[in-house]
Each structure stands twice: as structure tokens, then as C-alpha cells.
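Peer 1: Residues per chain are reported as follows:
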Amino acid sequence: MSEHYDAIIIGGGHNGLTCAAYLAKAGRSVLVLEAAAQLGGLGATREFAPGYRASVAHTLPQLGRQLVADLDLEGHGFRLANASLPTIALGQDGRHISIGDDSLLGVSAQDEAAYGNYRALLQRFAAALNPFWHKCPPMVGSRGVKDMATLGQFGWKLRTLGRRDMREIMRMMFLPAQDLMDEYFENPLLKAALSWDANVGSKLAPRSPNNAVLALLYRMSGDIGGDLPLPAGGVGGLIEALAASAGKHGAELRIDSAVSRVLLEDRRACGVELANGDLVSASTVVSNADPKTSFFKLLGARHLDVQFTHRINRLRTDGLVAKLHLALDGLPTITGLERPDGRMILAESMQAIENAFDRAKYGDFATQLPMEVVIPTLHDPALAPEGKHVLSALVQYAPCRVSGGWAGRREAFLEAVLNSLVRYAPAIREQVVAIELLTPEDLEAQFRVTGGHWHHAEFAIDTWWMNRPTYGASQYRTPVEGFYLCGAGAHPGGGIMGAAGANAARAILKET
Amino acid sequence: MPLQAKLQSVDSISHVETGVLHSPFHSRTSALNINQQWSVWNGFASAIYYGDALLEYFATRNACAVFDVSPMRKYRFQGVEVEAMLNRMVTRDVTAQKVDTVAYNVWCTDAGRVVDDGTLFRLANDEFMLCCADPCLDWFLLSAVGFSQVEITDISDAVASLALQGPTSCALLKAMGFDGIDHCKPFQIMRFPWNGGDIMISRTGYTGDLGYELWLDPGLAEPLWDALFEQGRVFGIQPLGDESLDMARLEAGFIAPDVDFHGALHTVELHHDHSPFELGLGWIVNFKKTHFTGRAALEREKASGNYRRLVKLDIEGNKPAENSVLYADSHCRREIGYVTSAMWSPVVKANIAYGLIEAKYADGEIWAEVYHQKELRWYRKVARCLKVSKPFWSPERAKQTPPPDC
Numbered sequence: 001m002s003e004h005y006d007a008i009i010i011g012g013g014h015n016g017l018t019c020a021a022y023l024a025k026a027g028r029s030v031l032v033l034e035a036a037a038q039l040g041g042l043g044a045t046r047e048f049a050p051g052y053r054a055s056v057a058h059t060l061p062q063l064g065r066q067l068v069a070d071l072d073l074e075g076h077g078f079r080l081a082n083a084s085l086p087t088i089a090l091g092q093d094g095r096h097i098s099i100g101d102d103s104l105l106g107v108s109a110q111d112e113a114a115y116g117n118y119r120a121l122l123q124r125f126a127a128a129l130n131p132f133w134h135k136c137p138p139m140v141g142s143r144g145v146k147d148m149a150t151l152g153q154f155g156w157k158l159r160t161l162g163r164r165d166m167r168e169i170m171r172m173m174f175l176p177a178q179d180l181m182d183e184y185f186e187n188p189l190l191k192a193a194l195s196w197d198a199n200v201g202s203k204l205a206p207r208s209p210n211n212a213v214l215a216l217l218y219r220m221s222g223d224i225g226g227d228l229p230l231p232a233g234g235v236g237g238l239i240e241a242l243a244a245s246a247g248k249h250g251a252e253l254r255i256d257s258a259v260s261r262v263l264l265e266d267r268r269a270c271g272v273e274l275a276n277g278d279l280v281s282a283s284t285v286v287s288n289a290d291p292k293t294s295f296f297k298l299l300g301a302r303h304l305d306v307q308f309t310h311r312i313n314r315l316r317t318d319g320l321v322a323k324l325h326l327a328l329d330g331l332p333t334i335t336g337l338e339r340p341d342g343r344m345i346l347a348e349s350m351q352a353i354e355n356a357f358d359r360a361k362y363g364d365f366a367t368q369l370p371m372e373v374v375i376p377t378l379h380d381p382a383l384a385p386e387g388k389h390v391l392s393a394l395v396q397y398a399p400c401r402v403s404g405g406w407a408g409r410r411e412a413f414l415e416a417v418l419n420s421l422v423r424y425a426p427a428i429r430e431q432v433v434a435i436e437l438l439t440p441e442d443l444e445a446q447f448r449v450t451g452g453h454w455h456h457a458e459f460a461i462d463t464w465w466m467n468r469p470t471y472g473a474s475q476y477r478t479p480v481e482g483f484y485l486c487g488a489g490a491h492p493g494g495g496i497m498g499a500a501g502a503n504a505a506r507a508i509l510k511e512t
Numbered sequence: 001m002p003l004q005a006k007l008q009s010v011d012s013i014s015h016v017e018t019g020v021l022h023s024p025f026h027s028r029t030s031a032l033n034i035n036q037q038w039s040v041w042n043g044f045a046s047a048i049y050y051g052d053a054l055l056e057y058f059a060t061r062n063a064c065a066v067f068d069v070s071p072m073r074k075y076r077f078q079g080v081e082v083e084a085m086l087n088r089m090v091t092r093d094v095t096a097q098k099v100d101t102v103a104y105n106v107w108c109t110d111a112g113r114v115v116d117d118g119t120l121f122r123l124a125n126d127e128f129m130l131c132c133a134d135p136c137l138d139w140f141l142l143s144a145v146g147f148s149q150v151e152i153t154d155i156s157d158a159v160a161s162l163a164l165q166g167p168t169s170c171a172l173l174k175a176m177g178f179d180g181i182d183h184c185k186p187f188q189i190m191r192f193p194w195n196g197g198d199i200m201i202s203r204t205g206y207t208g209d210l211g212y213e214l215w216l217d218p219g220l221a222e223p224l225w226d227a228l229f230e231q232g233r234v235f236g237i238q239p240l241g242d243e244s245l246d247m248a249r250l251e252a253g254f255i256a257p258d259v260d261f262h263g264a265l266h267t268v269e270l271h272h273d274h275s276p277f278e279l280g281l282g283w284i285v286n287f288k289k290t291h292f293t294g295r296a297a298l299e300r301e302k303a304s305g306n307y308r309r310l311v312k313l314d315i316e317g318n319k320p321a322e323n324s325v326l327y328a329d330s331h332c333r334r335e336i337g338y339v340t341s342a343m344w345s346p347v348v349k350a351n352i353a354y355g356l357i358e359a360k361y362a363d364g365e366i367w368a369e370v371y372h373q374k375e376l377r378w379y380r381k382v383a384r385c386l387k388v389s390k391p392f393w394s395p396e397r398a399k400q401t402p403p404p405d406c
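Which chain is which? The protein sequence lines are F and L, in order. Sequential numbering of the first sequence, starting at 1, is according to the working numbering. Sequential numbering of the second sequence, starting at 1, is according to the working numbering.
So that you can see chain L by itself, here it is in the shape it has in the complex (with noise of 0.2 Å):
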């Protein structure tokens, strides 16, 4: 079985001049940045904060945003095979998985270290689509070796796409015109005839609030970023950068890769990858399944109960435990983990961090050891944290179908 990738050719690749490419969406992102904050998601520009990251930040908690997941890497898997092909990549059963509904997922390798996370969307029996937030074909063409008649394309820069997020966004879309979006279902997916083409919304997102995702032609990015915006003024909306994305997440209980994980293949040290256990990902890990990668291996280090556990912690004090190392006990004899992301919550109203800590310290007591600034003056205290259960964040509207006030 030959390994073949299709490369573009140099002549394609447009942004070997600059060394950045732009999103279908962005005239308008760019036109609204006017701090012009950028940074680099997969050679594309995307925006750090538009004007103000704690106002893009409420808006998703009280009103709507708007981000440009574009730079997302997307994937079609089609073929007759291609849901064996897939169900022994991932950890999910994909056979169980319904027609136009979405399900979060890892893969891993042979050894049960997480290669990457990312969502899966059922679009027909024999069509998946995965995004993820780095490229993988290369390990999708691996997971392909020894199934006929799958074929993998990379969509990405064929799908434009965006996610309108928060308490009005169901509203907004609504008062667009998507009749019926009010039922749609968490995980699940939707169509709409939009402008003279096809519009799929699926109820997805990384804020752990109600919100969608659209999916697109290019060529209708600009038309739907103006409409949205014009219809969007009395929703509240707000254009949302990396910065206020990265609080909202972490608020849902979601993690970040190359922030609290690094896929396996990128790790060159021993044990700087992660088992979805670790990650806090065993709900996702289905043994009532048939074959998948990495099962063995996950089946042994599940018995085991020998791994490492990401908690989410609710820490003392109002002073993010940003980098910190966490300890057993408050005089810091006992190094036990280290927090990987760490903030002030306004919404909650709460220190809270994810912290990656040693399997046999997991139920133990932790203590952060927290650096923070006065006037240029560096502080250290040692801050008690609690573990914490369940996402901090976590609205009974993103639940509900249909959402209140829609």
C-alpha cells in the first residue's frame, strides 16, 4: 500500500512572501482589529484581541461573539470503509455515532499517548469531517494503511468557518433566518440555504457556553460576517480573539493543545505525552467498543491507576497560579505537578487553574506556589487549591433545546 501525500506546489503557496495567510474572513476581521493583535494559527493571521479582550470576553458570557476558527484543519474521510477506518483510530465508537451530530474525540498511538484531540462530524454514513486544531494527515494516512477505499482529503481551506458563541447567539441566528436552529440539539448538526448556497451550523463550540459553529463556502464569508454583524448589533455582538477565547475554555473545562497537552508525535522526552486518563479524558475512552489504537496499552494503564490526572483547580487568593509548581504540603517539600493554565475567572468569581499532578499525590492535599507582582516587585505565597469536579463554568442554556430566550 503506497503512503502518498498530495503537496501543493510551491507556486500555489501564495504566503511565501509574507509568511502569513489570511482567513476567507478576513477583510472584516482585519478591519475590526484595531489594535492590530495578531497571532499565527497554522500560517494564518488570527486575532489576539480586537479592542478590548475583557469586552470580547463578557460578550461571550452575557451576549455573542464571533471567532474565526478558519485556520482550523479539516478533514473529509469518505469511502465504504471509512467508518472501520476511523473507529479504530479514535477512542469513541463511531459505529454508534448518528448521521449530522458531532462528537468530540483523541486518537492515540499504539502506546496510548494522545496524538491529538479534535471533532468528529458524522455527515453521512460513509462522510466524516475532522477538525483538529493542528495538522494530522500525516497520521491519518497512517491510520488508513490496510482499508480499501478511503479516500482523506484536507478541506481546510475549502470550509470557512466561524463560532458565534453565547447566551444571544441562538437569538441572533434566529432573527438571520435559520429557522428552526432553536432545536437543534447540543452535538448536533444542521443545514441551511443561505445567500444562494449551503450554510451547516452545528451546536459545537469552546466556550462551554450556548453557541454554534458555521460552516461555509469561502465565498460566503464576507456576506455572512456582514450579516451577522448588522443583524448581531442588538444581540450585543462582538468579534472574540485568541486571548478571550483562551478564558472561556478554560472556564468549560476544556483543554488547549501545546498548553496542557502536546501530542505524542511531538514530544521528544520521555513521558511529555499525555494518555487521554491523564487529561482527564477517560469519558471518551470506550472499552465496550470494538479494536482501537492504543487499547491494549490504555486497558493496562487504566488497571494500573498508575497515571498522571489534569484536575481543575480552585485556588485561594485572587492571584493566578500562572506556572506554578504544586506541592503536597504548604511548606513546598513535596513537588507533585505544576499547573498548566491558570486565571482569574470574572464570571465565577474564582482562582482557577488546571493542574497536572503525579498519580499517588492525586488525592492528596495541593498547594500552589504563586508568584505575583506589586509594582514591579515579585511576591510568593503559597495558595491551598481544591480540586474541583466539574467544568467551572457550565450554563444550563448551552443544555437546553430549545435555549431560553430564542
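Just chain F, with the same shape it has in the complex (with noise of 0.2 Å):
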């Protein structure tokens, strides 16, 4: 082994490139491998179609303004080409809900008085919480003053919400989304569209219990813009941004590199061995892949003890989000709208939403799909070209492993796909030049993520904070010394935010 690193970095996924941007503005010799030919992973912006760009993830609601300005991602081109998405719920007559920052259009007194309760309640609770997705999670069990710290903290910032809304929080947190919509407001399109982001991209639907609040919290940790930002380029230019500003610190960046396994000296990582056999030292091996991933596939169970190997082994990871990529000749209409400017969500109550989700949890998927739609080219035309446009989709529910098989069921999917969709655009499917649908398979194939579950392993209580992926792992080191996690599986989870990743780096640059 010639070459040597303080930190050899596996994916080059947003988590990957902003741990190695941190730990290179530390001074840190960092290598960051990426087995596919372009730096990313479900962020990246790809060509789907001739001169038609997208990227998997599509919006930024979770990214915080210290990341922007610790990397100085702005001086390295990383633009929002709009501050602010309006979240648009479609109404199949025509008659939509607007639900803006500061604003809600289309609904009742009630509901615009209950919405400024709602908003107001959950913005302080999202205040609480956002100083801990941006912090180690205290270990269990720890006596050790950081710990015991961090702990307090969380029980402080509870107590001082004040006794009400403390006692609120409480009562409120595991909630399903539907008893929360429905103690608030009584229009089944606004609750529909409101309990969206409760649930996307876990396995769960308006009645499910579990974390349902704790992710409406999670997705408004973010502080660039608005609520929804929309990043110009596509994600991908928050990874060009990222990869820019890691390699301005001496991170060396390296794709068409996979990683076959994690080589360990005397039980301590020290290196690994990539596909074309060439070897890589370093001091500390840090995983941006999934837990399963990491440590059965990089690692290997032998190195690992019998009951931390099976908690590992039990993480939910199979992903419910199936993501379509048009490529559309025009502006598509859709009914009683008049520029499709906003997120919108074509969902026409929880009941539909629950419904699409009965399908899945038995391995099959509905004919009415639910999902979230963006055309980023209204705000950032480059991605097309001239006069076209891209339409961006994440649809609801598509079981990981269907019952038959991908292969026989894909047409039948896409075909429910877009049958959705023309319920409220009519004349979408003659606009359509190109499609790309990737099922959570495709997304596991194609990017290496487990499932395709855009969390890595499952948001939820269980495999939350300190359980995250699981006790023992859950401070960005594991059980074998120099070996570290900094992807989604690490807290505080996914979504397009670059915290696990910023964590594993301050962890690293503690420990190492």
C-alpha cells in the first residue's frame, strides 16, 4: 500500500463530500471514493434524457445556512433557484389549496385560523429539536459529561417550550398524521397535502403510528430559504458546490472507485481494498453507504459481535418512494391552474393516500398513486432545453420487492403513474418526450443504497437519535476502532441536509 490518507471517505454521496469537506478544512488528508462515474449518489444531477436533467432528491427543506457558510458553498457556485416552492394541493376539480410560508389559499376561515395555530406550534417545536439533529446523540447508558450534556440539553429545551407546549410536545410527537390533521382542520385536500411530508419516504401512511410528527419536525429543520427550497442545477449543484469546496481544502475526490472491502489490522480498520484490487491506506475508514451495506458488505459480520450484527441485520430498509423523470416538449396544464410553479401534491385526502399504502404493505401497488410534483424548470430553465420542460416526481407507494417482480410489473406501474397524473393534467401523456421511473429496485441497483430507502434505514423512534441505526453504532464510530459511519444511517437521517455527515466530522476530528 503506497498511498496513505488520515481518512479514506466510502461515497461520494452529499454526506460523503461534506465529512470530507470538514475534515479537509481540518487539515486532514481525505480520500473520497465513489463507485459510480459521477459524485453524488441520489443527489447527483444526471442526463435522463438527451439534453433533459434531473436529480433524485429535488428539493432542500432540510439544509441549514451553517453548512452553506462553514464550506462557503455560495463562493463555490451553490445557488437556490427559488427561495421558496409554495406547496400547491391539487384539487381534481380544479379548485386548489395554496399553502405558502406565510399564507393559505383556497380553504375555509376555520382551517386559515387553525393553520396559523398549527404553524406557529410546530415552528416552535422544530426550534427545539434543531439544535440535536446537529449534535452527536448522548449514548445510553454513558456516564460521560458530553453525554449527560447533550441529554440535559434535550430535557431543557423540552421544559423550556413552557409547561403547555411541553406537555403538547409530548402528547403530540408520536401521533399519526391523520389524528393530528384531523384535531386541526376539516378540508380533506389541505389535511392530505399537510400529512405529505409526515410520511414520504417512510414506511408509513396518515394512520400509521410512530414518527409521523417527529419527520414534519425533521423536514423543517432547514434555514436557507423558505420552507422549500429549490436548489439551481438540481441538487447536483449543492454536490458540485460541496465536491468543489472539499477540494479547495486538498480533499482528493475519486470516481469509477468502488470499494470492495475495509481492511482491518489487529482489529482496527486501516485502510481498504477497491474493485480492481488496488489497496488504500488510511487512518480512519468513514462509510457514506447504509448500515447493511457497511457492515456486511465493506466490512463483514466476522468482525462484528453476534447481537449488534442482527440489530443491524433487522433495520427496515426496503424504501416505498418510487421517483418519475419526464421529459415533457412543453409547459404541461393542469386543470385550474395557472402556472404549475408550486410542490405540488396530487393526493385528494389521507384516505387515498392510506389506500395506495394498503397496496404496498402486501407487496403491490394501487392504480391511484399519490405523489409530489415539481417541474424545476420554471425556475431554472437550464436544465431543458429551451421551451421544454422537466417534470419531477416522487410517487407513493412502491414496494421495494413487488410481488411478481419489477421486471413483469414496471409497464403496469408507470402505466397507474401517469394515469394519476392525467386526472389532473388531461394532456400530459402527447407532451412526454422521455421517461425515466425508478423503482426503490432500481434506485438500490443504480446507487447502492439498500432498498432504495432514501433514509438508509428507516426514520422512525425506534432507530432514532441514539438508536440510530442502532445502539453501539450511534455516535458515528462502531464497534471497530477507525471504522465510522457518516450517511443517512448515522443520525440524524436522510433527506438532502449534510448533517450526518458534518457530525461524523467534528466526531472523527475529536476522536482521531
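The hints are simulated quantities; they were obtained by calculation from the structure and are not laboratory data. Where is the CB? At the ideal position from N, CA and C, for every residue including glycine. Be aware that one or more of the hints could be misleading.
[To be verified] Below, a sample of chain F positions facing chain L; criterion: calculated Cβ distance under 7 Å:
(1) S260
(2) L263
(3) R267
(4) C270
(5) A301
(6) Q307
(7) H310
With the hints as a guide, bring both chains together as one complex.
Peer 2: Right under this line is the structure:
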């Protein structure tokens, strides 16, 4: 092994790049190894049809100013195409609801008043939780000063919400989205749209208890714009800035460099072996891959204890969100909508979402599929040839392992997706030039994410904070000395945020 | 990776009506069990004693005796990654274990607490048999997660097994035609064609004396038993029950599950489980090998020295210290532990016991508060205990190859 680095980062997704940039900025020699031909993973902006580009992740609700400032991302070209997309709940009858950062149009006066209270409450809760997304979680059973301090701060944050709010957050935290929505609102369209962010990306629907409210607050963690910033150049625009920042600080970034395994010496991580057989040594090996890939494929169960291995194996990693990219030769017309420039939620009610979920639970999919649609080219024309458009949609629910196998059922699924769209945009089929449909299984194969799960492992209360991905690996370090996690499977979770990468870098800088 | 245990169908479980299973030797053991004293071991009827427990016990020390080990749980591990899988599960170095040898092992939780102990038989490079007193398939399946091509089969009902223990055991086997058995070393395995089938013999046992365990197809069980007792008459053979085996194992320094220790998966209260160091099994915890489950916890525990000690005690007087509480002083002011097993040893002529002692009192005085009866009246005495480092009973013949007198 001729090459040696302070740290090797496996995976050049946004968390890997963030971790690399922070480590390099602190003076560490860093090598990022990306298996694909392009950096960015699920954030990469790819040409899916000639002249048409899109990234799998499409908005940045969770990105924080601190990261942008620390890594001087604006100096490296990061821009927003729109600081805040409104969310538009599409009605099939052409009567829509528009939910802006500080406005709500198309609902009753009662709903409007309730929304003010609801939003203010969630914002207070989100602000209380926000510091903890950017901190190493405490360790269970530890008497360490830092762990006790974090737990103490958490208690203090809840307490200083005031007695009424503290009681309320504790009551609300694990409610199903439906219970929360029913408490506040009457309009089914509004409830469906507001519940969307509580469940999207997890194996949850409006009636599922667990982490809906937590997920809502998590999605409110960003502060680079309004509620829903849209990056210029797709999320790939952010990736390029992260890569440039990491590179400027001296990190070396290599694409087409799949890692086949982590090397150990005296039970300590000491480097990696690449798929081509090359060996590179390092004092610290950091995995941006999901926990199952990290521990089973890269490290190997033989280096880990039985019960720890079992907990990793039992992580829920089956994604349920499919991604649709349409190349359109014109701007689609949505019935009753002047201009489709917001984030459109296509779900007539929470029941409709629940119905789609029910089919997916049993390995099937519904004929009517709820989805979130953005037309980024309205804000960033460079993503398509002149006058043409890209439609980017998150479609729920698509089981990772569909019964009968995706090979035989892709066409039927695509038909269901297009039919669901046509109900709102009757002429859209004629505008379609090219289609890219990515099922969770496709995401798994193309982006090397187990189950195609955008959180790498379910974002749920049992795999949250000090249990993410599981106790024994929740502070970025793992049972194997010198081997760290920096991906979405670590705290705080998925979404384009960079917090896992930044937190991991801080843990590594402190410990090595 | 799916975790699936193959369960028996309801129809195939024949003992649902009686609650008791019969071992392949049952027709013979039940004929000899003139007192009809049975316990239940893993659902099987197991003789407590046949005629007289002391007579059986003395046979293991002066002649030979046969114990039906068939209710023992036996698992076969096969596949390319099986060595790595087992090596990561148990505390000894499986990669150093040669084919056709047996190694006593423990396996621990991540926290370094003993799940169970057992004997690991290496049958081929990629095939092992693991024997333990209680069912442990769930743990083995968990331990195989992350390893490809590892097949684990419960072969408990497919293998009949007998322990033949005592100073004349080798001579008896030779007389039965197992030529070369006298060259079998301790913990070695030999195989013999017998009566149209095959018998595997390992020089292993639970009595600390010269002895063997015989592993065979259940179809050979009855003929083997008959041949042993026919040829064994002149070698002083006796059947051996639970009670006399328990005496022999205590003298030999062996621990018994659910007597001297609880498996970590079966305890509810904190610290009611044990580390290998607490049980005096530090000698089979190998820190020189590659990773194994519990390693980090065990390294920390060893370095701290802060673990209880299961010690062998020679207690003054002749009243067995059964169920006794142990103290650091003769006035019983400082309680430091308790006795797990105790007996008067006829062969050592000593009042022996195992005591589990708190770490910081392990090197100090130990006193046992002994309760004993005379004509129904209870008496209490406080007896001084001396720690013994070697097994109470370990005759040279148990280690010699060839053994004497065969």
C-alpha cells in the first residue's frame, strides 16, 4: 500500500462530501471514493434523456445555513433557483389550495385560523429540536459529561417550551399524521397535503403511529430559504459546490472507484481494497454507505458481535418511494392552475394515501398513486432544452420487492403513475418525450442503497437519535476501531442536509 | 437475510400425549431402572439412578459405567464459511482445531456473558458438531447472520449417544473389537465400523476420569447397549444416572448449567448471568485469535479484575455445604457469596463445593454457614473453606495414552 490518507470516505454522496470537506478543512488528508461515474449519489443531477437533467432528490427543506457558510458553498457556486416553493394541494375539480410560508389560500376561515396556530406550534417545536440534528447523540448508559450534557440540554429545551407546549409536544410526538390533521383541520385536500411530509420516505401512511410528527419537524429543520428551497442545477448544484469546497480544502475525490472491502489490522480499520484490487491505507475509514452495506458487505459480520449484527440485519431498509422523471416538450397544463410552479401534492385525501399504502404493504401497488410533483425547469430553465420542461415526481407507494418482480410489472406501474397524473393534467401524455422511472429496486441497484431507502434505514422512533442506526454505532464510531459512519443511516437521517456528514466529521476530529 | 428455524409439524411430535420422550436406549434403560426414578431432560426420560446411586458412582471410579447422553442437543454446522462463523461465535480459536478433535467451548453475548457451554467436534474442514445441554438453535441462527453458505441442522434426534466412563472403559471397548481405541488421545475422535453401521468414539466425558462418548445411528442403540452389558460384565459395568453423574462431575471440576450458572439469555435479573472469567473458564477465552462475540467486553472485564470467582472449596468437617451462604469471617458479618454445588466426595474423602465469591473477597478468608440435620433436628455450623486450584479428582489415567490396564 503506497498511498496513505488520514481518512478515506467510502461514497461520494452529499454526506460523504460534507464529511470530507470538514475533515479536509481541519487539515486532514482525505480521499473520497465514489463507485459511480458521478459524485452525488441520490443528489446527483443526471441527464436522463438527451438535454434533460434531474436529480433524484429535488428540494432542500432540511439544508442549514451553517453548513453553507462553513464550507463557503455560495463561493463555490451554490445557488437557489427558488428560495421557497409554495405547496399546492391539487384538487381534481380544479379547485386547489396554495400553502405558502405565511399564507394559505383556498380553504375556509376556520382552517385558515387553525393553520396559523398549527404552524406556529410546529415552528416552536422544530426550533427546540433543531440543535439536536446537528449534534452527536448521547449514548445510552454512558456517564460521560458530553452525553449527560446533551441529554440535559434536550430536557431543558423541552422544559423551556413552557408547560403547555412541553405537554403538547410529548402528546403529539408519536401521533399518526391523521390524528394530528383531524384535530386541526376540516378540508380533506389540505389534510392530505400537510400529512405528506410526515410520511413521505418512510413505511408510514396517515394512520400509522410512530414518527410522523417527528418526521414533520425533521423536514422543517432547514433555514437556507423558506419552507421548500429549490436548488439551481438540481441538487447536483449543491453536490458540485460541496465537491469544489472539499477539493479546495485538499480532499481528493475519485469517481469510478468502488470499494470492495474495508481492511483491518489487529481488528482496527486500516484502509480499503478497491474493486480493481488496489489497496489504499488510512488511519480512519468512514462509510457513507447505508448500515447494511457498511457492516455486511464492506466490513463483514465476522468482525462484529452477534447481537450487534442482528440489530443491523433487522433494520427496516425497504424503500417505498419511486421517482419519476418526465421530459416534456412543453409546459403541462394542470386543470384550474394558472402556473404549475409550486410543489404539487396529488392526493385527494388522507384516505387516498392510506389506500395506496395498503396495497404496498402487501407487496402490490394501487391504481391511483399519490405523488409530489415539481417542475424545476420553471425556475431553472437550464435543466432542459429551451422551451422544454422536466417533471420530477416522488410517487408513493412502490414496494421495494413487488410481488411478481418489477421486471414484469414496471409497465403496469408506469401506467398507474401516468393515469394518476392525467387526472390533474389531462393532456400530459402527448407532451412526454422521454420517461425515467426509478423504483426502489432501481434506486438500490443504481445508487447502491439497500432497499432504495432514502433514509438508508427507516427514520422511525426506534431507529432515532441514540438508536440510529442502532445502539453501539450511534455516535458515528462503530464497534470496529477506526471505522466510522457518516451517511443517512447515522443520526440524524436522510434528506439532503449534510448533518450526518458534518456530525461524523466532528466526532472523527475529536477522537482521532 | 431471513432468519428461519425449521419447526417440526404438530403431527410429528409424538410426546404431546405423555409429555415425555424416550431416548433410543429407553427399552434398555427402563428395564434396568428398577426404582423407576426418572427426571426429564430436554423432554426425555432420564434415569435419576437405576438401583443405587453410590454403587453407580463407584463404578465410574473403579470400573466403568454408562450414561445415556442422547437427550443432549446436537447441531451440525456445514459449509464453506462455517469455520469463520463458529470462530466468531465461540471463545476458543476454531481455526487451530484439527479435524477429528473435540474442544470444550463457551459462547457469549455481546456483553461477554455466557450463553451456554458445549463441546465442539470438528468432523471435517467445513463440518462441525456442537453439543450442548440445552437447545441453542436460535442463538446459532443469529450467529450465522452475515455468513453465506452456513447450514445449521438440529441432529439431536438423528444421533444416539452414550458416555462410557471409568478406568476399565478402554479395556471394555477393546474387548468389543474397537481396535486401536487405546491410541485415542483425550479430545480425539475415532471412527469404527460396527454391526453393519458406523460408530464415532470421542475420548471425552463429564466425569474427569478415563472415558469415552459413543455417537451412533439410533438404529444401533439397542444392539450397542446389549453388547456393552454382555461384554462389560467382567469389566464391572453399571448404568449411570443423573445423581451419580452429578457427583462425578463436581469432583472433576466441571460446571453444570442451571446449577452453577445460568445462560445469559435465560436470566431476568441484572448480574444473574456470568462471564467466562467468573466461571473459571478464562483458560478457554483466547484473546490471541481474531474477533469473537463479547471480546471487547471480556477484555475490559479481564483488565478490570472486577468479576466474581467461582472457586473450588475444600470445607472443614463432613457436612456438605449445600445452599450455604459464604462469608469473609467466622462471625458471618460480611457476606461474600454462596455455594452453587456441594457434596461429600467419597473418592477424595473431602467435603467439597463450588462457591461464587465477590471479586474483592476472592483472595481472603472464606467461611461457609452450613445447616445440617441430626434426627430431624437442625444444626448450624460455620466451617472454614480452603480454596483448591486443581480439580478435586483428576487421575493420571484420564490423560494417559494408551491408558493403563488395557
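Peer 1: Take the hints in turn and mark each one as holding or not.
Peer 2: Status of the hints after comparison with the structure:
Taken as an interface hint, S260(F) does not check out: its beta carbon lies about 15 Å from the nearest beta carbon of chain L, beyond 7 Å. Annotation: interface hint on L263(F) violated; nearest CB of chain L at approximately 14 Å, more than 7 Å. Hint status for R267(F): holds, given a least beta-carbon distance of 6 Å to chain L, under 7 Å. Hint on C270(F) is violated. Least Cβ distance to chain L is approximately 14 Å, over the 7 Å limit.
With 7 Å as the threshold, the beta carbon of A301(F) comes within range of chain L, its nearest partner Cβ sitting at about 2 Å, so the hint holds. With a cut of 7 Å, the hint placing Q307(F) at the interface with chain L holds, because the nearest CB-to-CB distance is about 4 Å. The interface hint given for H310(F) is met, as the beta carbon of that residue sits about 5 Å from the closest beta carbon of chain L, less than 7 Å.
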